[in-house]
Amino acid sequence: MALVEHDLTPAQWSTLQRLWGGCAYCGASDRPLQRDCVQPISRGGRYTLDNIVPACGACNASKSNDEVTSWMRRKKLDERRFLVRFVEVRAALATPDEIVVDDIRG
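Counting in full-length UniProt numbering, the sequence shown runs without a single skipped number right up to 106 at its last residue.
Warning: the hint list may mix true and false statements.
Stated by the list, open to error - Listed next, the in silico DMTMM-like pairs over lysine to aspartate or glutamate satisfying Cα-Cα at most 25 Å (straight line):
1) Lys75 - Asp50
2) Lys75 - Glu88
3) Lys76 - Asp7
4) Lys76 - Glu88
5) Lys76 - Asp66
6) Lys75 - Asp30
Think of the hints as simulated: they come from the structure by calculation, not from any bench.
Every value quoted in this text rests on a predicted model; they were computed, and no experiment measured them.
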């Protein structure tokens with residue numbers, strides 16, 4: 001499958017995984033992580049740094065194309081923790097200290 005122009009770079013994906021430290025939704029850190037669009041592609045989302053979070057396979061499959069906050073409420077996940085952490089990760093990505101050396105190298 002060819003990369004589309006709005007895909008994350010491997011370095012950006014690595015940075016997101018490191019900053020989240022596990023599944024963005026349930027917090028699991030002992031499972032492989034997948035890219036999940038907070039706003040699903042089917043609802044206008046894109047594979048961008050601002051819309052991708054790491055998710056375990058169970059959360060990614062369960063969320064599917066659902067709106068994230070209503071899905072989290074239905075699954076009884078900590079919506080507030082997710083939203084606070086989402087803002088913290090976005091802020092970390094915006095700071096000069098979080099410039100990804102691998103991104104600069106290409």
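So, going through the hints one by one against the coordinates:
1. Lys75 - Asp50: Distance ~23 Å between lysine 75 and aspartate 50 Cα, so the pair holds.
2. Lys75 - Glu88: Measuring from Cα to Cα gives roughly 23 Å; hence the hint holds.
3. Lys76 - Asp7: violated (30 Å)
4. Lys76 - Glu88: holds (22 Å)
5. Lys76 - Asp66: holds (15 Å)
6. Lys75 - Asp30: Roughly 20 Å separates the two Cα atoms, so the pair holds.
Violated hint for the displayed structure: number 3, the only one.
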